[in-house]
Structures are given as C-alpha cells and as structure tokens.
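A.B. asks: Chain H: place on chain U using the hints.
Number of protein chains: 2
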Amino acid sequence: MTTASLIAPTIDDIRAAQKRIHGAVERTPTRHSDTLSRITGADVHLKFENLQYTASFKERGALNKLLTLSEAEQKSGVAAMSAGNHAQGVAYHAGRLGIPATIVMPEGTPFTKVKHTKDFGARVVVEGATLTEATARALQIARDEGLTFVHPYDDPAVIAGQGVAALELLDEVPDLDLVVAPVGGGGLLSGTAVAVKGVRPAARVVGAEPAAADDAARSFHEGGLVPMTDPATLADGLRAQLSERTFAHIRRYADDIVTVSEDEIVLAMRALWEALKVVVEPSAAVAYAAIRAGKTQSRGLKVGVILTGGNVDLDRLPWAANLP
Amino acid sequence: MTTASLIAPTIDDIRAAQKRIHGAVERTPTRHSDTLSRITGADVHLKFENLQYTASFKERGALNKLLTLSEAEQKSGVAAMSAGNHAQGVAYHAGRLGIPATIVMPEGTPFTKVKHTKDFGARVVVEGATLTEATARALQIARDEGLTFVHPYDDPAVIAGQGVAALELLDEVPDLDLVVAPVGGGGLLSGTAVAVKGVRPAARVVGAEPAAADDAARSFHEGGLVPMTDPATLADGLRAQLSERTFAHIRRYADDIVTVSEDEIVLAMRALWEALKVVVEPSAAVAYAAIRAGKTQSRGLKVGVILTGGNVDLDRLPWAANLP
Chain U
1 MTTASLIAPT
11 IDDIRAAQKR
21 IHGAVERTPT
31 RHSDTLSRIT
41 GADVHLKFEN
51 LQYTASFKER
61 GALNKLLTLS
71 EAEQKSGVAA
81 MSAGNHAQGV
91 AYHAGRLGIP
101 ATIVMPEGTP
111 FTKVKHTKDF
121 GARVVVEGAT
131 LTEATARALQ
141 IARDEGLTFV
151 HPYDDPAVIA
161 GQGVAALELL
171 DEVPDLDLVV
181 APVGGGGLLS
191 GTAVAVKGVR
201 PAARVVGAEP
211 AAADDAARSF
221 HEGGLVPMTD
231 PATLADGLRA
241 QLSERTFAHI
251 RRYADDIVTV
261 SEDEIVLAMR
271 ALWEALKVVV
281 EPSAAVAYAA
291 IRAGKTQSRG
301 LKVGVILTGG
311 NVDLDRLPWA
321 ANLP
Chain H
325 MTTASLIAPT
335 IDDIRAAQKR
345 IHGAVERTPT
355 RHSDTLSRIT
365 GADVHLKFEN
375 LQYTASFKER
385 GALNKLLTLS
395 EAEQKSGVAA
405 MSAGNHAQGV
415 AYHAGRLGIP
425 ATIVMPEGTP
435 FTKVKHTKDF
445 GARVVVEGAT
455 LTEATARALQ
465 IARDEGLTFV
475 HPYDDPAVIA
485 GQGVAALELL
495 DEVPDLDLVV
505 APVGGGGLLS
515 GTAVAVKGVR
525 PAARVVGAEP
535 AAADDAARSF
545 HEGGLVPMTD
555 PATLADGLRA
565 QLSERTFAHI
575 RRYADDIVTV
585 SEDEIVLAMR
595 ALWEALKVVV
605 EPSAAVAYAA
615 IRAGKTQSRG
625 LKVGVILTGG
635 NVDLDRLPWA
645 ANLP
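Line order of the protein sequences matches chains U and H. Going by my numbering, the letters in the first sequence line up with residues 1 to 324, in that order. Going by my numbering, the letters in the second sequence line up with residues 325 to 648, in that order.
Isolated chain U, as found in the complex (with noise of 0.2 Å):
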C-alpha cells in the first residue's frame, strides 16, 4: 500500500461517523477550568470523555465500526482484543445491537474489566501474556470463526470515530490554537488531527505520549515507524504502538509529538482529579501532563485537551501510600 492510500478516513468520512453514531454515544461536556488555565498559563478546555457510558471515547470508533458492517457481517459477529476501554466499547454496543462480540483479554486482565466486558454479553477470551499475543489468538479466534476482527485503531472506520470528539470540541470552542490529545496506538491521534485541520487549520495538533512507550514520539521524529511492543507505563492505554496508517496521518496532519515521564503523568492526575473533581486514568492525563510540564509551547495560546477516560482501578491509585 502507498501512503496515499492510507490517508483514510478523511474529513468527509469523520463527518459522515458523527451522523451515524449520533445519538448513540454521549456528546460529552467541554468545560473551562480557571484552575488549570491558572497553573499553565495556558486558556484550558477539557472534553469529558471519560463520562461515555463505558467511560471511555473508544465507544466512538467501536460503535462506527460496527454500524459500517454489512447485515451478514453484524449477523456472524465480531471479534476484538483489548485489556481494558475498547473492549467495553465494543462490547456494549455490540450488545446493544445484538451483535455476537468475542472479546481476547491478556492474561493479569483485572478482573472487574473482564467483568465488565462480560455483563455487557460479549463472550471474554482470556489469553496471551501480552497485547501482542492476545492479538493474535484474537485474529486466530476471527479467521476460524469467520468474525469480523474490529481493531482498536488500525482501521479507518475506528479511526473516523475517534474523530468526532475533536468535532465536538470545536463545535463547543471554535477559535482554538492547540489540540492535544494521547496517543498509543494512535487512533484518537490520528482522527483528531484529521479532525482538527480539516475544520480549523489554523490550530495546530499535539499528540502526548509516556516516554516509556515513545514509539509515535520517535517514529514522527525519525521519519519512520519504530516498532516497540508492550512497554512498561502506567498508562495502560497508551501501550500499543501506531500502525503504518496511523503513523501516515499522524505524520501528515499532526504537528508535533512531545513525550512525559510517569512522575509527570501521576501529577497530572492528580491535579486534575483535585482541580476538575472527576475520575481519569492515568492515559487520559498523559496530554494535560505534556502541558503542565511546558512540553508543548501552550503558554497564551487557547487549547483543547481530550480527557480520554476514566477506568481506574480506585483500589490502586498510583499515588496511594499502599501501592506494590
């Protein structure tokens, strides 16, 4: 394939997700915080997408994903790999639609996650000492049952999805000059800054990583995609490492990708769950993490930060004195 031909989903496309999903998913709140404009010097607005219903902005590209499907394709199911957001996303809508959804959870899956997915009638697999392999049994499990594989980023339908979090966000605050969003695998990346410079070109598009899975942050800077599987970083959500069509967007239509130390992210958590008074994982801080800590030029200019989600184990709260 060219890189040309992975430069989808387009605008078009992310606008066409908005319409199809609407009404399914929740169109989360934008809020201003003093606070946190206080703290960075920076004009901050958050989008709420850890208030989905599973908590999560991964219901987006899920629920796209599978209302793009053809009637036969929805009757013989899906199947899906993921430890944690997307495999609740795919779950619960596929329940809703009564779509047949297996889902392969890793091995060390915490077991209210499993439960989770479970509850919402999807069938859990649980197998594979890492994402990698987890993957694998899942595109196995798909094959041999002739199920549709619904990736949790590579695929332009999921990517379109993510996207219109970024729709909804300018729509709330058009005049925007900085977007910063997470970026793992990078879907939510990718349909942001599609997103973004396709409806306000003037404002520039930052994805944030944890320096100990910099893959995306390497790959932009070295101009080629460097592989890196199952890092180590407390942003669980953050482990998987971008494909050769996120990689295409992010490279196109991104500006810059910065990176934060886990000490960063766990202070930015904190902070938020202090100054904003809601529950996000430890991924979803990683982007107000980049900007607190000056990684990302944001001082003066009016910046839109994706609050990607908020399933965290309360049990095991990185800054809890009780922590392993």
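Any given hint could turn out to be false.
Here are the simulated SDA-like pairs of lysine to any residue, each with C-alpha atoms no more than 20 Å apart in a straight line [what the hints assert, rightly or not]:
| no. | chain 1 | residue 1 | chain 2 | residue 2 |
| --- | --- | --- | --- | --- |
| 1 | H | K521 | H | I335 |
| 2 | U | K115 | H | I335 |
| 3 | H | K439 | U | T35 |
| 4 | H | K442 | U | Y53 |
| 5 | H | K437 | U | A271 |
| 6 | U | K118 | H | K439 |
| 7 | H | K442 | U | T35 |
| 8 | U | K113 | U | L131 |
| 9 | U | K19 | U | Y53 |
| 10 | H | K439 | U | D34 |
Covered stretches of chain H, as calculated for chain U (at least 3 residues, CB under 8 Å) [to be verified]:
| no. | stretch |
| --- | --- |
| 11 | 370 to 379 |
| 12 | 469 to 475 |
| 13 | 630 to 643 |
Beyond 12 Å from chain H on every Cβ pair, some chain U residues (computed) [said to hold, decoys possible]:
| no. | residue |
| --- | --- |
| 14 | H22 |
| 15 | T68 |
| 16 | T132 |
| 17 | V312 |
For the record, the hints were derived by calculation from the structure and aren't laboratory data. Everything numeric in this text was worked out from a predicted model, so none of it was measured. For each residue, glycine too, the CB sits at the ideal point set by N, CA and C.
C.D. replies: Okay, now just chain H, sitting in the frame of chain U:
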C-alpha cells in the same frame, strides 16, 4: 422568638438570592445517570455542586450573605468558623470582593484545607478542639474586632443562598417527584425544602443524615430539637447540629429525614465515583446512600439528588487498605 419569626428565608428570598449571586457562582450541571437509575429503580438526576470553584455548594450561602452586608460591614470584615467547605466559600468570595475575612478552623483541620483558605486571602486562626470550641472562638473574635459573623447555616441569608441549587435543579428537571439532600446543620436542607415547596409543592423533600450524627432525624421525628455536639462520622461536613431556625424550616417544609450507616456512605461514595467518574466527598454521598439503601421510597420516582461537595483527601480514601 416564635417559630413563625424563624421562617426566613421564604421562596421570594431564595429567588432574590438567585439574582444576587448570579454569575459569581457556577450554575452547576445536572445529569441523569442510567447506571444509578438501573441500580436503584428510580430515575436519578444529580446536581453537581462539587463542581463549584471551591468544590461545594457552601459558596452560594456565603456569597449571598456577603452581598447583603452594608458597605460599612463589608469594610469592617467578616469572621467565620469552619473545618472545610464553608471556610473556603467565605474566604474565596470575601477575597474576590475585597472584604477582610478571619476564619477559625478547629485544631486537626488538614493542612491543605488551611492552606487553601489562606490562599484566598483570609486570615486563618487554628483554634478549638471541637467545632463548638472553634465557633466560640470565632464569635469572640467577631465581637472583639467588630466583624460580622457569617454562620455556616443559622442565618436566613445563608439558607437562601443554599436554596438556589434546588431552584436550578428544578429548572433543569421540572417534574421531579422527590429531592434528596444531606443534612448536617440543616442550611442546605432548609433552603432546598423552601425552594422545592415554593416551586413544585407536589414534590417530596427528604433529608439524609449519617446515623452516627442523627440529631436532625431525631429532632424531626421527636418533634423537638435534640442536641448533639461533635459526633463522629466519616461525613465530616455533616457533624454540625440543627439550629432553632433550620429545625423550624425542616419541620415545616421537609417530608422526612432518614439515616444511613457509615458503611452505606462509603459504598455509595464509591458507587458515585465508579458510575459517574466524579470525585465527591463522604458528606456528598449521603443523599445517594439513602436512595441506594432503600430509605427514601424512591422506586419508580423521578428523583433529584444534590451532590454537595468534592473536597476529599485523595491520600485517605475511606475504602483504601491503608486507612488507619
């Protein structure tokens, strides 16, 4: 004073307070919760007063009081006593308005609460082993220095301000069958009851109180003020006792007061965090705890719940294994 003379504020006073404080406090969001509705069998609508700037409804009453002072009184300054949210509410708005404020906080008040209050420009005096002792000290300072004492609840202007939250809630969801609010000193419940009965007389108003601090429930059911000073409950915002004034309002306008155990408070608090992805303090979970525990006869009804505040020590969450 006769009981009749104690009935102030009226609904007109609350409407006047609404105009007076408009724009200087948040019109906090109201949200429906599918999850909590499914759990409780009620149609649950929540008012997020934890999203006020100082993270509690207390700002409303404090500001309304400050704005009803004469110019001379404002110039002389105010005194208040509070271990938490009232302190921040008074300090923040006094600071904003250029009114000198002295806040007495009891010994043992967490350092961060003292610091926040000082950061708003207030003079903080840490004195008194109990709320009662600290109140006595604050009254003495007010007398000695010619300051106006801003009571946390035993004041018509404060009660009127607190009632504005219920006006906003009914504005968003006009056909509520039931409104549940926590009760400590009774300021919020008094204002809420007057507001609800003034706007929608058909709706019931129920106060929810920790069983470990049940002076309001006992007073309500026994028909006379039952004193109880400084009880021990996790819901630290609800340790105050009713005054003659709040008791008179609650007796006349509230339909019931129910109690919940400490365990029920912790379970409700955690459920709110998990389902809504918001940070609420133990006191703010008491109203939902009563619904969740089946104390409010709310099955099948459209219920409004005031989530009063979000100031909680993230290092000492009540479900954490490392609690002392």
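A.B. asks: Indicate, hint by hint, whether the structure satisfies it.
C.D. replies: We went through each hint and held it up to the structure:
Among the hinted pairs, K521(H) with I335(H) is consistent with the structure: their alpha-carbon atoms are about 8 Å apart, no more than 20 Å. Between K115(U) and I335(H), the direct Cα distance comes to roughly 48 Å. Violation of the 20 Å bound is thereby established for this hinted pair. Between K439(H) and T35(U) the alpha-carbon distance is near 16 Å, which keeps this suggested pair within the 20 Å criterion. Straight-line distance between C-alpha atoms of K442(H) and Y53(U) comes to about 39 Å, which puts the hinted pair past the 20 Å bound.
Distance check on the hinted pair: K437(H) and A271(U) sit about 16 Å apart at the alpha-carbon level, within 20 Å; holds. For the hint pairing K118(U) with K439(H), the CA-to-CA distance comes to about 46 Å; that exceeds 20 Å, so the pair is violated. Restraint check: the Cα-Cα separation between K442(H) and T35(U) comes to about 16 Å, which is no more than 20 Å; the hinted pair holds. Between the alpha carbons of K113(U) and L131(U) the distance comes to roughly 15 Å, so the proposed pair stays at or under 20 Å and holds.
Taking the CA atoms of K19(U) and Y53(U), the gap is about 19 Å. The hint holds against a cut of 20 Å. At roughly 19 Å between alpha-carbon atoms, K439(H) and D34(U) fall within 20 Å of each other, so this suggested pair holds. For the stretch 370 to 379 of chain H, the assignment as covered by chain U holds, since 4 residues bring a beta-carbon within under 8 Å of that chain's beta-carbons and 3 suffice. Taking a C-beta to C-beta cut-off of 8 Å, the stretch 469 to 475 of chain H contributes 0 residues in contact with chain U, too few for the three needed, and the coverage statement is violated.
Three residues within the 8 Å Cβ limit are the bar, and the stretch 630 to 643 of chain H against chain U gives 5, so the coverage statement holds. No beta-carbon of chain H is positioned within 12 Å of the beta-carbon of H22(U); the least distance is around 18 Å. For T68(U), the condition that its CB be more than 12 Å from all CB atoms of chain H holds, with the nearest at approximately 25 Å. No beta-carbon of chain H comes within 12 Å of the beta-carbon of T132(U); the shortest separation is about 30 Å.
In this structure V312(U) is not separated from chain H by more than 12 Å, as the shortest Cβ-Cβ distance comes to only about 9 Å.
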